[in-house]
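> Note that the protein sequences, when read in sequence, are chains P and A. So the first sequence is numbered by the numbering used here: it starts at 0 and just counts up by one. So the second sequence is numbered by the numbering used here: it starts at 1185 and just counts up by one.
It is worth saying that the hints were derived from the structure and are not from the lab. Predicted model only: the values in this text are computed from it and were never measured. One thing to keep in mind: the hints can contain errors.
[Unchecked claim] To spell it out: a stretch of chain P is covered by chain A in this simulated footprint if at least three of its residues, at any positions, have a beta carbon under 8 Å from a beta carbon of chain A; those stretches are: (1) 46-59; (2) 113-126; (3) 135-141.
No residue lacks a Cβ here, since even glycine has one placed at the ideal position from N, Cα and C.
For reference, the chains in residue letters:
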Amino acid sequence: MIRVQAEDFDIGAEIERLRAERTDIGAIVTFTGTVRDVAPNSQGKGKPISQMTLEHYPGMTEKELERIERAANERWTLQASLIIHRYGPLKPGDNIVLVITASAHRHAAFEAAAFLMDYLKTSAPFWKMEEGAEGGDWVDARDSDDAALTRWDAAKKAAE
Amino acid sequence: MSVKLLYFAWVREKTGIGEELIEPPGDVETVADLIGWLKSRGPEYEAAFEKHDVIRAAIDQTHVNHDAAIASAREIAFFPPVTGG
């Protein structure tokens, strides 16, 4: 299941909902992404952040998250999966994204959670604007995020 | 045929608008053609698409490359590389 929302989420409540009345789950992995109070600038020093605003592409965001979730479920046997991503203005310390995966054994849940985050980072249409005393800056995409995908492609090829 | 264009993040800031309806000329066949045509529409478009290589596109809410045909598109979006998560 996927949700795109402005509101905060409760990690504990989401886990409880996902496992309610089920006894076939043996492993639950969660990843939570949160807003940091500092962003590296071009001089390599930290720029203090007072607010981060997440813009997204309504409609396409949901489609992409559903596509990524489907891909994870085709690749691993998961009992359940959940992606929640927030948008709008957020403060340092606020939650941004939650991924939960549940499987019979831990490996599938660990790997699927990492896979979901790696693909979300490079294909879900969200953009971060960091605001501080010096004004606002759009966050640049990181090459390391693209590089993270190659290991999944390589792992898949190796398995074929 | 008219098509809806959407702009996000700094592409939106530079064009000054979030969306618009346009009717590109018949010789505009691909996303790259469309970017070239948009750049001729004014300095704000010139600025928005200056670094055209880094700009990503989606047709009807699916990621596409710049060589994709736009013939049957109802909605085309332009945006910087995504930074969610």
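> Each hint needs a verdict: does it hold in this structure or not?
Each hint tested on the structure:
1. 46-59: Contact hint for the stretch 46-59 of chain P vs chain A: holds, 6 residues under 8 Å.
2. 113-126: holds (count 9)
3. 135-141: holds (count 4)
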